[in-house]
Amino acid sequence: MQRKGFLLLILSILICHDLAVAEAPVSAATIPSREASGSVTALCVNDKAGLKQLHKMDIVDTLNLSKDPLVLAYRKTKEPNKTAATTNPPACTTCLTNNLSPWNSVRSIVAWSKETLHLASPAADIKKIKKECIEASIQRTPGNTGYVCGPGNAKARAFDNAGDSAPCLDQSSVDYMHFAINEALKCFAAEFKPIDTRFILKKYNNETAFNFFLSYGGGKGLGQLTSAPTLDIGGGNAEYILKDIVNSESPACEPFKNVAKNDLKNGPPRLASSANVCAWVSPGEGLTRNLIYSLGYYVHLRDKFILPVLRRRAPALANNSGLADDFTLISYGPDGLKEAKSLMDALKVSDKSNPDKIRLELEKNNDYYQQTEQKMSELQDFLESPLPLKKPSAKTKSQMRGDTCVY
Amino acid sequence: MRLLGLIVILFAFVPAHSAALKSAADFFAESKALHTKARQEKSKTKKYAQLLELKKSFDKELKLYRQSPSQDLKPQLAVSRLYYAFEPAFELTTKKEISPKECERIKLSVKATDGSGKEDGPSPESAEVLRWLDLLCD
Numbered sequence: 232m233q234r235k236g237f238l239l240l241i242l243s244i245l246i247c248h249d250l251a252v253a254e255a256p257v258s259a260a261t262i263p264s265r266e267a268s269g270s271v272t273a274l275c276v277n278d279k280a281g282l283k284q285l286h287k288m289d290i291v292d293t294l295n296l297s298k299d300p301l302v303l304a305y306r307k308t309k310e311p312n313k314t315a316a317t318t319n320p321p322a323c324t325t326c327l328t329n330n331l332s333p334w335n336s337v338r339s340i341v342a343w344s345k346e347t348l349h350l351a352s353p354a355a356d357i358k359k360i361k362k363e364c365i366e367a368s369i370q371r372t373p374g375n376t377g378y379v380c381g382p383g384n385a386k387a388r389a390f391d392n393a394g395d396s397a398p399c400l401d402q403s404s405v406d407y408m409h410f411a412i413n414e415a416l417k418c419f420a421a422e423f424k425p426i427d428t429r430f431i432l433k434k435y436n437n438e439t440a441f442n443f444f445l446s447y448g449g450g451k452g453l454g455q456l457t458s459a460p461t462l463d464i465g466g467g468n469a470e471y472i473l474k475d476i477v478n479s480e481s482p483a484c485e486p487f488k489n490v491a492k493n494d495l496k497n498g499p500p501r502l503a504s505s506a507n508v509c510a511w512v513s514p515g516e517g518l519t520r521n522l523i524y525s526l527g528y529y530v531h532l533r534d535k536f537i538l539p540v541l542r543r544r545a546p547a548l549a550n551n552s553g554l555a556d557d558f559t560l561i562s563y564g565p566d567g568l569k570e571a572k573s574l575m576d577a578l579k580v581s582d583k584s585n586p587d588k589i590r591l592e593l594e595k596n597n598d599y600y601q602q603t604e605q606k607m608s609e610l611q612d613f614l615e616s617p618l619p620l621k622k623p624s625a626k627t628k629s630q631m632r633g634d635t636c637v638y
Numbered sequence: 161m162r163l164l165g166l167i168v169i170l171f172a173f174v175p176a177h178s179a180a181l182k183s184a185a186d187f188f189a190e191s192k193a194l195h196t197k198a199r200q201e202k203s204k205t206k207k208y209a210q211l212l213e214l215k216k217s218f219d220k221e222l223k224l225y226r227q228s229p230s231q232d233l234k235p236q237l238a239v240s241r242l243y244y245a246f247e248p249a250f251e252l253t254t255k256k257e258i259s260p261k262e263c264e265r266i267k268l269s270v271k272a273t274d275g276s277g278k279e280d281g282p283s284p285e286s287a288e289v290l291r292w293l294d295l296l297c298d
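These protein sequence lines map, in sequence, to chains A and B. As numbered in our numbering, residues 232 to 638 make up the first sequence, in order. As numbered in our numbering, residues 161 to 298 make up the second sequence, in order.
These are computed hints drawn from the structure, not numbers from a lab. Just so you know, not all the hints are guaranteed correct.
[As the list claims (entries may be wrong)] Covered stretches of chain A (in silico footprint by chain B; criterion: 3 or more residues with CB under 8 Å from a CB of chain B, positions within the stretch not fixed):
no., segment
1, 282 to 289
2, 431 to 438
3, 482 to 490
4, 558 to 567
[Stated by the list, open to error] For the chain B half of the interface with chain A, some residues (derived, Cβ under 8 Å), not all of them:
no., residue
5, Ser240
6, Thr253
7, Ser269
8, Ala272
[Said to hold, decoys possible] To give an idea of the interface, some chain B residues facing chain A are shown, with a C-beta separation under 8 Å as derived from the structure:
no., residue
9, Leu237
10, Tyr244
11, Ile258
12, Lys261
13, Arg265
14, Leu268
15, Asp274
16, Glu285
Cβ atoms here follow ideal geometry from the backbone N, Cα and C, with glycine treated the same way.
Please put together the full structure from these sequences, using the hints given.
Here's what the structure looks like:
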């Protein structure tokens, strides 16, 4: 058995396969709109009940055309026998395809070892968002304006994300989102204190119902980013986020490095400019960037502001109760950090406080928190049934916390 | 006379917070007035002194809010929000020297943590703080 493993190892080092995906034709012009033919009821995962009559395949098409690192990383997971790095012949993630010199063989062994060790590390244990919960979230149509972004220099096309103008999202697009978000969480867990996945689910569910292509005055993309936080990360007080991703040894961070490197060098694409919309909302580069910045700013707010204040007021509560994430969620909302701090003060948060009572008060006194909870309840309704429920059932604390949506 | 004395003693023990506490609007007005005074000062120390007057006023009022038995937190939250928006400016007054670069970082942090979704400007609280930072960083 050991000899077999050794032989497989030698074989994989000597023969590096080209892992490039067969290229799809690139359109340099505006992406034309395509409508699905035939029955779409089963096709559109964001319209399981068939009530919205969705048929526009634009977002799916642009995803299929994308060759961005995050999309390529996702496609690799779909290729048979090329995923497990521990028992199968290792996937040559850093292979130099045409150069079989001994040094490249050594580099491949080192890269494979790092990949294997990473899989065994604690950061790899971070909880993932369940796919069915993303599917439940996208049953809702959050409205506003969406953008179709083609590859290369294709011009972005705006559309009304409502009624039957909203795009159909098929299973592959949901699978991709599921992969992308969880990979980003894994990357961040390798470099920073792991984010509580349930709060990211709640946040994205509330902000955009995972409609990553949205862009309007209130914010751009999956995390509804605005200018100032992006500038803070891309050259300001939170620049360490990008640097740590670039320098990360975690394979989960690889698909995010190009964007991080580019933004460290050139600054982030100016968010307020309509010419840059795709840099924040396209399925490839846009989603990559949006994940880096939205998760990055969450970590920055939590670690540099919320936790220090909470630890001073209530050291035991700060470390054990998860309240830091509740206050971080509020600080990410429209009233910002000042709101989170004022609530901590007004609610007299201390180690004597009951965390559940604090959460009830947060819901009572903060509109954004209340809205997040309301949207979480709607997500749970859609998990029960894609059709609107005549009488929504009472939700358990576990459901509302998001426990049932992570694994 | 005795009755009058008794009434005086009774009122002496009536809690101070039963009088109306200063609102967020009151503090905005106070900030604007102190900012005008600070603009006329030449030295940084004297400008800081005006801001520290505002801080003293906040500290006094928030202490009363915290002691208040009122169940309605909205007025306290509005004042607190403004106070915590000012925190970076209050911290600035503890530094002897501050470089223009550091000042820009502080202003960026105020805008970034403001939370306001509006691309054309921050919230009124952060806008007021940025006015002070422009003055103190000059």
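Hint check:
{"no.": "1", "hint": "282 to 289", "in the structure": "violated (count 0)"}
{"no.": "2", "hint": "431 to 438", "in the structure": "violated (count 0)"}
{"no.": "3", "hint": "482 to 490", "in the structure": "violated (count 0)"}
{"no.": "4", "hint": "558 to 567", "in the structure": "holds (count 6)"}
{"no.": "5", "hint": "Ser240", "in the structure": "holds (3 Å)"}
{"no.": "6", "hint": "Thr253", "in the structure": "violated (18 Å)"}
{"no.": "7", "hint": "Ser269", "in the structure": "holds (5 Å)"}
{"no.": "8", "hint": "Ala272", "in the structure": "holds (4 Å)"}
{"no.": "9", "hint": "Leu237", "in the structure": "holds (5 Å)"}
{"no.": "10", "hint": "Tyr244", "in the structure": "holds (4 Å)"}
{"no.": "11", "hint": "Ile258", "in the structure": "violated (15 Å)"}
{"no.": "12", "hint": "Lys261", "in the structure": "violated (11 Å)"}
{"no.": "13", "hint": "Arg265", "in the structure": "holds (6 Å)"}
{"no.": "14", "hint": "Leu268", "in the structure": "holds (5 Å)"}
{"no.": "15", "hint": "Asp274", "in the structure": "holds (5 Å)"}
{"no.": "16", "hint": "Glu285", "in the structure": "holds (6 Å)"}
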